[in-house]
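A.B. asks: This is what each chain is made of:
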Amino acid sequence: MTDDTPAAEGFDEDPSASSEPDGGAVVVEPDEHVHVDPYERNWMRIAAFTMVVFAIAVTVAGLALGIQVPTDEGRVDPNTLASTPPWSEPGLREIVPGEEYDLYIVARRFAFQPMEVEIPQGATVNFYATSADVQHGIKLGLAGAEGRQASNINIMVIPGQVSKLTSTFDDVGVYDYICHEYCGLAHHQMAGVLRVVPAEGGE
Amino acid sequence: MLKGRPTQVDYQLEQRDRNFVGYHLIVAVAALLIGSTFGPLQSLEHAGIDLYPQMTWLVDNYYQGLTIHGVLNALVWTTFFITGFLTLCMIKGLGRRLRYPVLNWIGFLTMVVGLVITAVPLLAGNATVLFTFYPPMQPSSLFYIGLTLVVVGSWIEGLGFYLTFYEWRKDNPDQRSPFIAFASLVTMVLWQIATIGVAAEILGMLLPASLGWTSGMDPQLARTLFWFTGHPLVYFWLLPAYLSWYAMLPKQVDGKMFSDQLARLAFWLFLLLSVPLGFHHQFVDPGIPSGWKYVHFALTYAVAIPSFMTMFTVIASLEYGAWRRGGRGLFGWVRALPWGNPSVTAQLLAGILFVFGGIGGIMNASYNVNLALHNTAWVPGHFHLTVASAVTMTFFGISYWLVPYIVGKPLWAPKLALASSWIYFGGMLVFSNALHTVGLLGAPRRVPLGLAPYIPSEWSGHLWRVGIGGTVMYIGLILYVVVIVVTALRRKRFAEDEGVEIPVAESRRDVQATPVWLDRWVPWLTATGLLILLAYGPQLYEQIVNAQLNSPSFPP
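Sequence lines, in order, name chains A and B. Counting from 1, one number per residue, gives the positions in the first sequence under the working numbering. Counting from 1001, one number per residue, gives the positions in the second sequence under the working numbering.
By construction, these hints were calculated from the structure, which means they are not laboratory data. A virtual CB, placed ideally from N, CA and C, is assigned to each residue, including glycine.
Quick partial rundown of chain A residues pointing at chain B, CB under 10 Å, derived from the structure:
1) Val58
2) Leu165
3) His180
Please construct the entire structure, taking both the sequences and the accompanying hints into account.
C.D. replies: In structure tokens, the structure reads:
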């Protein structure tokens, strides 16, 4: 293959491209600006535009639809959980009957406390979680199976930290809460269940 | 006009330097072979065929196998291959031996000693902490000491690169630095900046705690320091593959580098942007304000720009080469690429898989979208497309000319090498697609899904695909190892007039036309430091000042 081969169609062959092989015999003045092929310039515009559209979509989902990631909720001493309310008594707290609940979960190898929770359909649950030993995580819900439901709840559960996320449960069904960070040799058995049952009186 | 020793374009490495590169490859490929052997064990376990009970003579359980798989493949195979390959690119690019070969030997031996020290507790089952080793789960101190030595060794090799470049620059003050040497330096600088995080984590917190000098650890701060390293680590793996795609693959397809200038700009942008975005691995962490997570999300989107540039430039280089080979048509030119060349095919298939890896990566980085993906099986599905496909298959492709170059013998069974890539590619498509699917359905990562009580029976089809795909990949990988090992050991040598060249493509536009500011280190390093300070400084300060070393350690 030699340089006599005709230039590929659509490729602008550069006038400066035919320099001496040792690169030093011909003095080439450096370009002031980066030389960008017109096709590539357009491609970059498309790429930038795409990323901006994605960023807007993500931001709208966060602000208008309220799909938020966890934020800093303060610390707790992992050594004294048993004597620190509310962690001393993990479980469900009713804030507004039938509408809003706080759920405190303590993760400990290889079980969650509590392991089973039941809430009425349409309730909003504030999940609070921390760990009594190593790092854990919670992914709430599975899809693609009869009677099981998925959710947007996904948090790391870290000793010394309080994790919080909120979700409203409009669909009746079983939501498994599964430990999703490796925590030891029985990690795969660490899971609990949240049941969403039809509200009393039924709608 | 030229002072000192000019760069020799046709410089060939001395045999002792080729051997030095070769020793890196021996360690890398041995690690890959051992580490990958656990791959089918894990993927078959997902399909319900648990062979681990038969493996107790070697490993105790699934998690120990997974730890060895992750450490050897993601950390050892990559780091050793990359330091070896970059050494070759420095010497070839600058057209001279390393300034202090002894220094690089010391670095290499330090890495080897570190690897051996790490391997002892790994195999003994005292370091079953996976390759992220999140505290307060605590492995044997040897695990930390060994890993530290591997990193320190690579830093020493990097120092050897800098001193070599410094000498070259004194001899060639007006020359653009040769691209393959430039790209090697950027990769090494990126690695050294990035590993400051994990060095601080291990030396400042984990090692003292494991030696009993402190009473506990701060797991949140440890995660933040780990991911300071964790994301740029990905670019440390990718940039050597990009180096090959930008500057070597075009030569192999009879083309030229589409643009030296844009290639340099992309590498600078990767250096600038790949560190200050680690929080996108911590979107669902509790101890980080969501505002800072949003900042890192935006910066991660910015790093998509040089990735898109790379996609364009690499494909344009390929198209240019294909046209010169007589290929025509909007897509018809693809057929004119040298698909019979195993080195080229491995890299083309790597690039195809990387398109899917890139799309998945943008999804991972998308702030609240991450709620659906974090720590699910989607994540290993994703990084098998990046580090185990884009990077690993490119390294396969590089090996197919590099090993013959080192040993002076022609590649054994090129058809088998071709088959290896296609088999691995096919297995990866099945395996990775299935992992992405069960991840979206909610399957956690790092779990023996066959043993987990909550996995619904409806998923068994997907889990079978994980098992089959993983096994097929392993067959492809074994063929790769066989081809290069036989190549290295065979008797037949190149005849006098034969041989293999290091493929270095020339640029379409004269390299000296590249603007000077694309070849100056101080402004780019300053900007990199400033951006890291802005994006990480306030949160790191906050977390360090408020650190509480009160989390006691637990055995795995």
